[in-house]
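Visitor: Residue numbers (the numbering used here), protein chains in the order written: chain A, 128 to 510; chain B, 29 to 238.
Hint data in this document are derived by calculation from the structure and do not stem from the laboratory. Since the model is a prediction, treat every value here as computed from it, not as a measurement. All the pointers check out, no bait thrown in.
Once the Cα atoms are required to be at most 25 Å apart in a straight line, the calculated DSS-like pairs of lysine-lysine come out as:
| # | chain 1 | residue 1 | chain 2 | residue 2 |
| --- | --- | --- | --- | --- |
| 1 | B | Lys166 | B | Lys145 |
| 2 | B | Lys185 | A | Lys226 |
| 3 | B | Lys145 | B | Lys104 |
| 4 | A | Lys448 | B | Lys223 |
| 5 | A | Lys209 | A | Lys321 |
| 6 | B | Lys157 | A | Lys225 |
| 7 | A | Lys366 | A | Lys381 |
| 8 | A | Lys225 | B | Lys185 |
| 9 | B | Lys223 | A | Lys423 |
| 10 | A | Lys381 | A | Lys321 |
| 11 | A | Lys467 | A | Lys455 |
| 12 | B | Lys238 | B | Lys145 |
| 13 | A | Lys448 | A | Lys423 |
| 14 | A | Lys448 | A | Lys162 |
| 15 | B | Lys157 | A | Lys226 |
| 16 | A | Lys448 | B | Lys185 |
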Amino acid sequence: MNSRERVITAINHREPDRVPVDMVLTIDVYRDMKKVLNMDYLPDTPRMGRWTEVQMPIEMINALGIDMYYVSPRSGVSVHTKNFEDGSFTDEWGCYWKKTAIDGGHFYFELVTPPLANATIEDLESYEWPNPEDPKRYAGLKEEMKEVRETTDLAILAKFGGAVFELATYMRGHERWYRDIINNQVFAHALMDKICQIQKRTNEVIMAEVGEYVDILRLSGEDLGMQDRPLMSPKTFRKVVKPHLKELWEHAKKTIQSYNPGAKIMLHTCGAVRPFISDLVECGVDILDPVQPLAKDMNRYELKEAFGNDIVFHGNIDIQKVLPFGSKEDIKNEVREAIKALAPGGGFLLAPAHNVQGDVSAENLVYMVNCVHEFGNYPINLN
Amino acid sequence: MDILKKISDTLYDGDEEAMPGLVQEAIENGFSAQEVLDAMMAGMAIVGDEFSRDELYIPEVLCSCHAMMEGSKVLKPLLTDEDSKSIGTVILGSVQGDMHDIGKNLVGMMFEGRGLKVIDIGIDVPAEKFVEAAIKHKADIVACSILLTTTMPEIPKVVKAFVDAGVRDQVKIMIGGAPITQEFCDRMGCDAYAKDAGGAVAIAMELCQK
Chain A
128 MNSRERVITA INHREPDRVP VDMVLTIDVY RDMKKVLNMD YLPDTPRMGR WTEVQMPIEM
188 INALGIDMYY VSPRSGVSVH TKNFEDGSFT DEWGCYWKKT AIDGGHFYFE LVTPPLANAT
248 IEDLESYEWP NPEDPKRYAG LKEEMKEVRE TTDLAILAKF GGAVFELATY MRGHERWYRD
308 IINNQVFAHA LMDKICQIQK RTNEVIMAEV GEYVDILRLS GEDLGMQDRP LMSPKTFRKV
368 VKPHLKELWE HAKKTIQSYN PGAKIMLHTC GAVRPFISDL VECGVDILDP VQPLAKDMNR
428 YELKEAFGND IVFHGNIDIQ KVLPFGSKED IKNEVREAIK ALAPGGGFLL APAHNVQGDV
488 SAENLVYMVN CVHEFGNYPI NLN
Chain B
29 MDILKKISDT LYDGDEEAMP GLVQEAIENG FSAQEVLDAM MAGMAIVGDE FSRDELYIPE
89 VLCSCHAMME GSKVLKPLLT DEDSKSIGTV ILGSVQGDMH DIGKNLVGMM FEGRGLKVID
149 IGIDVPAEKF VEAAIKHKAD IVACSILLTT TMPEIPKVVK AFVDAGVRDQ VKIMIGGAPI
209 TQEFCDRMGC DAYAKDAGGA VAIAMELCQK
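Whenever a hint applies, use it, and build me the whole structure from the sequences.
Guide: Following this line, the structure appears as structure tokens:
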């Protein structure tokens with residue numbers, strides 16, 4: 128089985144030859160990985176996204192032995208977009224992302240100035256929203272994806288489909304927005320509806336260009352969980368947030384499947400999200416990422432038992448303790464446990480439970496992949 | 029309904045808009061500022077307890093905290109020096125490299141709701157700034173918020189800065205945030221760890237009474 132066949136088999140809830148594996152690296156880990164794999168000739172700074180995640184070159188993907196190619200849309204341009212000398216930038220929605228130094232020479236982009244912090248419902252009409260038709264967003268994308276499809280056997284995961292709830296959080300500011308969904312619901316609905324309509328059209332435009340190449344459409348992150356509890360009550364989620372996400376996701380799925388009928392949609396939602404999983408299934412989500420293992424009520428065996436027939440799990444290798452601070456033995460146990468719990472019957476794509484941050488050594492990641500190649504062969508027989 | 033009960037319930041419900049009017053009404057009906065403040069704190073105590081028991085979620089708690097703030101604005105000019113004497117002073121900040129403030133703000137508002145004086149020195153705070161603020165405000169507690177595994181290495185720097193300044197024994201250092209554990213707290217030589225905002229309040233009250 129090649130990588131793409133392996134991934135497609137797994138996401139259709141059947142057992143492939145081995146558990147598929149993938150990962151997304153942030154810039155610091157990527158540079159470390161270049162050294163570990165002796166690939167000095169690769170670019171030092173490949174294309175990088177808002178979360179400092181990089182487009183991993185195909186040579187590195189092959190050398191690592193992973194099965195998926197991630198592709199992101201390009202940045203759109205609006206009246207708000209601006210790059211600052213210190214590396215900070217304002218995105219097309221008007222959100223200012225400050226380049227922030229982290230111990231050890233690393234950096235990250237952090238949201239500091241939400242553009243709609245003081246907006247009223249009337250202000251939403253006059254705000255300068257991004258143009259969903261902007262061709263800059265998909266410039267060169269078709270060529271890139273066509274080349275990957277024709278020259279590799281990797282599955283293609285497209286990180287299109289912008290967020291609604293989480294983008295509203297960025298535009299309003301976390302604290303203000305969380306109060307809005309309780310005490311200012313008319314505004315909350317108006318803001319999410321405004322964003323949803325733009326995202327739907329953006330999806331239509333990008334899919335028309337490249338939809339045929341997409342195996343998995345990864346919906347933009349809608350984090351609904353904290354470490355120790357969901358971000359909001361299931362009641363608030365169902366009443367205020369879910370109707371907008373359902374509209375976006377059902378539209379995204381219908382759109383992508385009109386170009387590739389076998390394509391699946393994946394939702395990234397961090398943290399303790401168990402109370403929402405049945406809602407996600409109802410909204411048409413096929414694959415759940417990142418199945419954060421240390422978050423509350425995210426026991427991998429219980430999740431497989433409860434939802435294994437309805438949703439595919441992606442991620443699940445702990446990046447809060449095991450990958451940054453654990454021993455080789457800890458990594459081996461984590462991989463074994465994840466495979467033992469989630470892989471039987473298919474429906475599991477193994478990956479670190481988030482974009483890998485600079486505190487994880489490339490060596491640990493190589494070891495993680497090696498463990499998958501060792502324990503992840505079907506039929507799974509781990510006791 | 030008894031106006032004080034109504035204030036306590038409205039605080040629990042997080043109705044920020046209704047709170048100033050209710051506080052004003054209670055004062056006009058002859059209740060003292062301290063009695064009204066106690067009613068708000070009673071509502072806040074229930075919020076804190078239920079949050080600790082995982083029965084409440086962040087959005088509701090934030091609304092209650094803001095209702096408390098709105099009510100306090102009306103009360104502040106009416107409180108005597110004796111009324112507003114705080115239980116203790118806390119320096120609060122997110123460590124350097126960490127721009128996250130929602131957890132910090134929540135802890136700060138809940139501290140204030142329980143009668144602690146809070147000096148919020150913001151986000152992305154270098155270790156020395158914690159020391160400067162602690163000395164300047166004669167703080168009892170320094171509370172550091174850390175959301176990221178990548179900013180955890182700031183904690184030993186904060187502890188060292190207090191040791192270097194010769195004031196480590198004058199303050200209690202509390203830490204909290206998603207990646208933090210009791211084991212990490214102990215290993216770094218901090219005084220206390222709280223797993224959530226409700227726990228932080230209980231521990232801070234205890235530390236101030238020591």
